[in-house]
Amino acid sequence: MMDDLSRRRFLSNAAMSLLGVGGLPLLDGLAAAQEKQGAPAPLRPATAKNVIYLFMSGGMTHLDTFDLKPGAATQGPTEALKTNADGVQISSHLPNLARHMDKIAVINSLNSTQGAHAQGQYFMHTSYTLRGTIKHPTMGAWLNLMGGRQNPNLPGHVAIGGGSNGASAGFLESKYAPLPIGDPAAGLQDSTRASGVAGEVFDRRLERAQAMNRAFAAEHDQKEVRAYTDMYDEAVRLMNSKDLEAFDLRKEPDSLRQAYGTSSFGQGCLLARRLIENKVRFVEVEQGGWDTHNENFEAMEDKLPVIDQALSALLSDLDSRGLLDETLVVLTTEFGRTPKIVTERMGRNHYPKAFSGLMAGGGVRGGQKYGKTDATGEEVIENKVTVPDFNATIAYALGLPLDHIVHSPSGRPFTVADKGKPVTTIF
Amino acid sequence: MGLLVELLAAVAVVASEQDAKVDFESRVLPVLKERCFSCHEAGKTGSDGKPIKPKAGLRLDGKGWILRGSDERAVVVPGEPAKSRLYSLTVLPADHEDRMPSKGDPLTKAQTEAIRLWIAQGANFGSWTGAAGGKVETPAAAAAPPPIVSSRLTMLEALGRGIPSASPANLDRARRAGATIEPVIPGSPLLAVSFVSREGSIGDKELAELAPLAAQITRVDLGKTKVTDGGLASVASFTKLTWLDLHETSVSDAGLAALKGLSELRSLNLFHTSVTDEGLGALLGLTSLEDIYLRETKVTEAGIAKLEEKLSKTDIHTGFEAPKVDPGAPTGKRKKKK
Numbered sequence: 001m002m003d004d005l006s007r008r009r010f011l012s013n014a015a016m017s018l019l020g021v022g023g024l025p026l027l028d029g030l031a032a033a034q035e036k037q038g039a040p041a042p043l044r045p046a047t048a049k050n051v052i053y054l055f056m057s058g059g060m061t062h063l064d065t066f067d068l069k070p071g072a073a074t075q076g077p078t079e080a081l082k083t084n085a086d087g088v089q090i091s092s093h094l095p096n097l098a099r100h101m102d103k104i105a106v107i108n109s110l111n112s113t114q115g116a117h118a119q120g121q122y123f124m125h126t127s128y129t130l131r132g133t134i135k136h137p138t139m140g141a142w143l144n145l146m147g148g149r150q151n152p153n154l155p156g157h158v159a160i161g162g163g164s165n166g167a168s169a170g171f172l173e174s175k176y177a178p179l180p181i182g183d184p185a186a187g188l189q190d191s192t193r194a195s196g197v198a199g200e201v202f203d204r205r206l207e208r209a210q211a212m213n214r215a216f217a218a219e220h221d222q223k224e225v226r227a228y229t230d231m232y233d234e235a236v237r238l239m240n241s242k243d244l245e246a247f248d249l250r251k252e253p254d255s256l257r258q259a260y261g262t263s264s265f266g267q268g269c270l271l272a273r274r275l276i277e278n279k280v281r282f283v284e285v286e287q288g289g290w291d292t293h294n295e296n297f298e299a300m301e302d303k304l305p306v307i308d309q310a311l312s313a314l315l316s317d318l319d320s321r322g323l324l325d326e327t328l329v330v331l332t333t334e335f336g337r338t339p340k341i342v343t344e345r346m347g348r349n350h351y352p353k354a355f356s357g358l359m360a361g362g363g364v365r366g367g368q369k370y371g372k373t374d375a376t377g378e379e380v381i382e383n384k385v386t387v388p389d390f391n392a393t394i395a396y397a398l399g400l401p402l403d404h405i406v407h408s409p410s411g412r413p414f415t416v417a418d419k420g421k422p423v424t425t426i427f
Numbered sequence: 001m002g003l004l005v006e007l008l009a010a011v012a013v014v015a016s017e018q019d020a021k022v023d024f025e026s027r028v029l030p031v032l033k034e035r036c037f038s039c040h041e042a043g044k045t046g047s048d049g050k051p052i053k054p055k056a057g058l059r060l061d062g063k064g065w066i067l068r069g070s071d072e073r074a075v076v077v078p079g080e081p082a083k084s085r086l087y088s089l090t091v092l093p094a095d096h097e098d099r100m101p102s103k104g105d106p107l108t109k110a111q112t113e114a115i116r117l118w119i120a121q122g123a124n125f126g127s128w129t130g131a132a133g134g135k136v137e138t139p140a141a142a143a144a145p146p147p148i149v150s151s152r153l154t155m156l157e158a159l160g161r162g163i164p165s166a167s168p169a170n171l172d173r174a175r176r177a178g179a180t181i182e183p184v185i186p187g188s189p190l191l192a193v194s195f196v197s198r199e200g201s202i203g204d205k206e207l208a209e210l211a212p213l214a215a216q217i218t219r220v221d222l223g224k225t226k227v228t229d230g231g232l233a234s235v236a237s238f239t240k241l242t243w244l245d246l247h248e249t250s251v252s253d254a255g256l257a258a259l260k261g262l263s264e265l266r267s268l269n270l271f272h273t274s275v276t277d278e279g280l281g282a283l284l285g286l287t288s289l290e291d292i293y294l295r296e297t298k299v300t301e302a303g304i305a306k307l308e309e310k311l312s313k314t315d316i317h318t319g320f321e322a323p324k325v326d327p328g329a330p331t332g333k334r335k336k337k338k
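Protein sequence lines correspond, in order, to chains A and B.
Following this note's numbering, the numbering of the first sequence begins with 1 at its first residue and continues without gaps.
Following this note's numbering, the numbering of the second sequence begins with 1 at its first residue and continues without gaps.
Derived from the structure by calculation, the hints contain no laboratory data.
There's no promise every hint is true.
What the hints assert, rightly or not - Quick list of the computed label-pair ranges, beta carbon to beta carbon:
#1 A:70 with B:261: 51 to 61 angstroms
#2 A:189 with B:122: 54 to 64 angstroms
#3 B:48 with A:189: 55 to 65 angstroms
#4 B:47 with A:412: 39 to 49 angstroms
What the hints assert, rightly or not - With the C-beta cut set under 7 angstroms, the calculated list includes, among others, these residues of chain B facing chain A:
#5 284
#6 288
#7 290
#8 295
Every residue gets a Cβ at the ideal spot worked out from N, C-alpha and C, and that includes glycine.
Next up, chain A with everything else stripped away, as it sits in the complex (with noise of 0.2 angstroms):
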């Protein structure tokens, strides 16, 4: 049941992710910008249409997934596995996804130049760096401003379980911002009529509200105004709305959601499953834990099997559903870890300079590697993968014009992924 408190938070929240009403003055981003220069962006053959975005929080170290250096002194005691596509080996962590490399381009040439956490997360969401004056939108901002939102319904952009990430609006409206969802379990939560309130009721109210709040926005006939009036517009649509099962994982089957774990990652794939089938455009889930700064071998005994089991089962179940085909399914982290071991406590420290990262479905070819360390793992060698790169990949295949400029309120020009360089080759 929903006390007025909780409705009061949900009300906020929906608020600041579905309409641009925050705790921030609302800044003049897409809109304006828009004005200004005319026609909106003129969108590109696009092979993908939605984003399952899994980052690896902390620092996924890449020697130990999926750039194995068997016989190097790096290696320590990770083994390889081969997979059913040939020449790509892999944690043997890793033996259910092994059987699926077949549909995943694994990109090991990643190069970024953040080396702390907060940085590093930063500038793989957006593609510029950390800095004092300005914030900058994540890549799924920038799908939902210039590929629109499909489902009038949802949130175009949700991430789940984790949030720590700075992974925001940015510069444009919070309308664009996503919609956090802690517990995927638990679902949207405060999101349901107060069980003691009956719909007329709640319509008579809310109608009493909104007479009372009429004369004040024809006063005052703002943006910030109007926000609000929306927001309680959106909020009951999404209330009363069948869209909002969405989010209900509870519908699912039980031996689904054990499939693809009980863990908190696995089930928030299986969330991020069932919201891209509902046209939500982007969502990221999150894994945080990857810190290995200690042991980093007995850490991965813990993580793999997660990630082997949750990805695998997504892979299989957006497959077999014919969602595959349109849905990019991303794997990256904010930087790589030390090839050389600490040995005093067998852990890795934060390596920007080389990692890798995951692409698959949406356009892009499985079965093959791109970009290419040295023997130990320390040193990009071929066909570097910058972050912008990266992020331009991912644009690339949604269509989104990667030259198409976006103004800042200040009037500073942005683009998805600032110019990086997309990997054309790999569709």
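With chain A fixed as given, assemble chain B onto it according to the hints.
Relative to the frame of chain A, chain B by itself:
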């Protein structure tokens, strides 16, 4: 009263714009030289021997360079001072992060007015040309990557050639029935149709409203709608149909017969329908079919084998493959180290 004053001031400005012609060389160039050139001139060499590039790639020491603008965009839009950053950044508040010049005092009112008027009057340089070089180009256009080449997009382009665009009246009619309609790729006359978040109220009647678009429709998503076997007769007339999604509908074997003639069909999604081996018989002639989705149907191994035999190039997506998990597999919680 205040408004009247503003109006009068505006009139005065307009009048002066018509009257005194601002000469670039005598009134604007000296300001640029004094306050702008130190950062926005040809590349120089610093005291440490390293080259100093013009800030933001903007040079103001030549006509061509001024018209080229910065690396990001033009800074002068003739006739439009408000859209010209050469002017608009000089009149920002003194403490604004983007105010130009970024160092020292703001320009004086007389100086900014000279720039504004000069732009408003068309940004005429007179006989001055300054440093040679620079040209107007859109930096954006240079950055555009090649279009995605995929067999699907190439196929859709070829399929769309010579197809007339749908009439607005026909589009309206389909939209009124609840359809979301988009070009299948930007600029193509071929259409993709879906019923996002209205699935529950879409049935055979609404589907029939798409009939006037039969020549253009190439994708239809009817997933979770109330369409029935009978309704699929309308789909049979979509001769350019490449992609049909019927997941979680009541469609059964009887309906599949209507799809027999869809020779362009590439993808057919029958996830969670009651089709059986028998119904698949109607599809055996669809040799263009690349993907068929049969998870949660009544199709058996025998039916799949037959399909494989007749449609050797089709990917048959039969089911969900549950990951194999050790009974003692971790749940994502890190074991505490003792």
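Okay, the hints, checked on the actual structure:
1. A:70 with B:261: 51 to 61 angstroms: Once the Cβ atoms are compared, 55 angstroms apart, the range 51 to 61 angstroms for residue 261 (chain B) and residue 70 (chain A) holds.
2. A:189 with B:122: 54 to 64 angstroms: 60 angstroms, holds
3. B:48 with A:189: 55 to 65 angstroms: Once the Cβ atoms are compared, 59 angstroms apart, the range 55 to 65 angstroms for residue 189 (chain A) and residue 48 (chain B) holds.
4. B:47 with A:412: 39 to 49 angstroms: 30 angstroms, violated
5. 284: 20 angstroms, violated
6. 288: 16 angstroms, violated
7. 290: 10 angstroms, violated
8. 295: 4 angstroms, holds
Consistency note: the structure conflicts with the earlier hints numbered 4, 5, 6 and 7.
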